[in-house]
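Given next are the chains, with one letter for each unit.
There are 2 protein chains.
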Amino acid sequence: MPLQNDLILRAARGEEVSRVPVWLMRQAGRVLPEYRITRLKAPDFISFVKNPELAAEVTVQPVEILGVDAAIIFSDILVVPEALGLPYEMYETKGPYFPKTISCESDIKKLRNASCVEELYYVEEAIRLTKQALHNRVPLIGFAGAPFTIFCYMIEGSSSKTFSKAKKMLYQAPLLSHLLLQKITDCTISYLQMQIRAGANIIQLFDSWAGILTSEQYRTFAIPYIRQILEAISEVPKIVFAKDAFFALADLAKLPCDVIGLDWCTTPEFGRKEVGSQKTLQGNLDPCALYAPDEILIELTQEMLRRFGKNRYIANLGHGLYPDIEKEKAKLFVKTVQEFTFSA
Amino acid sequence: MPLQNDLILRAARGEEVSRVPVWLMRQAGRVLPEYRITRLKAPDFISFVKNPELAAEVTVQPVEILGVDAAIIFSDILVVPEALGLPYEMYETKGPYFPKTISCESDIKKLRNASCVEELYYVEEAIRLTKQALHNRVPLIGFAGAPFTIFCYMIEGSSSKTFSKAKKMLYQAPLLSHLLLQKITDCTISYLQMQIRAGANIIQLFDSWAGILTSEQYRTFAIPYIRQILEAISEVPKIVFAKDAFFALADLAKLPCDVIGLDWCTTPEFGRKEVGSQKTLQGNLDPCALYAPDEILIELTQEMLRRFGKNRYIANLGHGLYPDIEKEKAKLFVKTVQEFTFSA
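As they're listed, the protein sequences go chains H and R.
The first sequence runs 1486 to 1829 under my numbering.
The second sequence runs 1486 to 1829 under my numbering.
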């Protein structure tokens, strides 16, 4: 059965659209009181992620509550290192923590191989349940962390302002770094293929820590692995979002993907200049603009739309929703995009 | 008496230099074992900052140990909010913490005015003692935080990944934000003038959190205040370092300053294109490159020098030295710059 609303897929492929489609990063999350209620049904965050029924429930919520043009499967980028053999804990304030990290070759050799994605059957199941509940209303976005971002957590063991341990490994042990990046890449390819088999209509790679690299390092340690993933997937459109990586946009534009995500520090004009006209742009309102009074939020959203233009564009924030943003502001953002008319 | 080595001042003013000058952000710090010994003479970080003898001692250390071409007065950008009326505590791992923050107009009204810089007599005294100990060997750099960065700490009360409380204030209360930014600016002008009277030969503004703003916000809430400070100071050359603010380089280039600092994400070519030929560039080796084996560090440093070129350039890192970097690597970086010969 065809999708009732396939605007995001059409925009991703550069086809004509009746209006600009919109979704929000972290739309399935704490910004919705409904999410917070469902969340209480699991004892901790990781059990929550591993429960397909609950994951499907919160994945569908923003489609019904916010009216977004796509669902994104509720999960966590860190399930990949976990499947590879590094379990983690998640703390509300401090973020993730890995008791075991990678520091030498034997640590890497001990990791499982790409077949470990079988462990992630719960994501496959969550996608199947979500697809049933969505009833072809909107597309479902699958996702994974980009290899360098996953690498950062596997070396550093937690979030960090500088990720200097992970970067130290790039400088001191480039061959080992490539070995680990390749392991992550192989697993990520299998993982995304599993998501597509289960029903994901489009996928996004999140390179959250792209911005800590130099442009030369990004070309060496990030781009080749993102390319491998993109080349291995041809069934669905592909989005790459490399946060704070203004310096890599021109390189990303050469990859076989359909959409490039932009953070809020990148102006629409700079993004278009670097990426060129052959790819769709996605983004990029400052998430903090959702703290603004309604009239300011509307004005900023409309200005964003005018600057990006109607074609080859998917509206979104420039990063994930912050948990303390009011649900009504997220709704207003979506509504403003969907009701906007481009003057001829 | 004239300075024996005025390379940094000459480079800042765009004059010819016999070689590229070099210093390192956070050169007076934990990277030096000698600093760690001096540090033990004070019970805590803030008493250390407030002790002119100790501050002068660690300011001179890198000149003697690393052979850098300038000293930078050892202090902290947060002495300005403290003088304004918000005392803070400093924790080795978590960074600064302000028990009292700014959340409304009456909080701002309660702040002291610019005459509060009298409280910072200890910085003045530290500069005088440093100048005596330096014996005109190299210039002394004075510094302050740029107003928006200080604003961030005064609202947020601590470091943050998003500074969403500070940014919320920009969106919800722009007039109040300007009121506070003006207070900080007035105080910063008096503070820098005091540093220059005491003997600072050049000053640097650190806009550490510039990168969390959109380019429009930076133009509204950052540039006008940086401009006021730069216009109020004509006695010495002026450096502005706005970290992660690639989007603001062209705007910064229009300000009455002499040098623009670059972080390591900005390539020399991008920096020069945005800033133009009329200002000196400063930076920008990735601090993590100092984890690399000697031959790689030398290669990366030489590549940086070749790309920036000999003129209108001051070599530095793209951010402060990380505390776990080996002293010998910092020395090697300095030596590599100082011994480099540009081929004709």
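For the record, the hints were derived by calculation from the structure and aren't laboratory data.
Hints may contain errors.
Copies of the same chain are indistinguishable here, so a pair counts whether it falls within one copy or spans any two.
Claimed, not checked - Here are the simulated lysine to aspartate or glutamate pairs, EDC-like style, with alpha carbons at most 20 Å apart:
(1) Lys-1758 <-> Asp-1736
(2) Lys-1579 <-> Glu-1603
(3) Lys-1653 <-> Asp-1779
(4) Lys-1650 <-> Asp-1809
The structure displayed is predicted, hence computed values, not measured ones.
Hint check against the structure, violated hint numbers in rising order: Of the numbered hints, just 2 does not hold.
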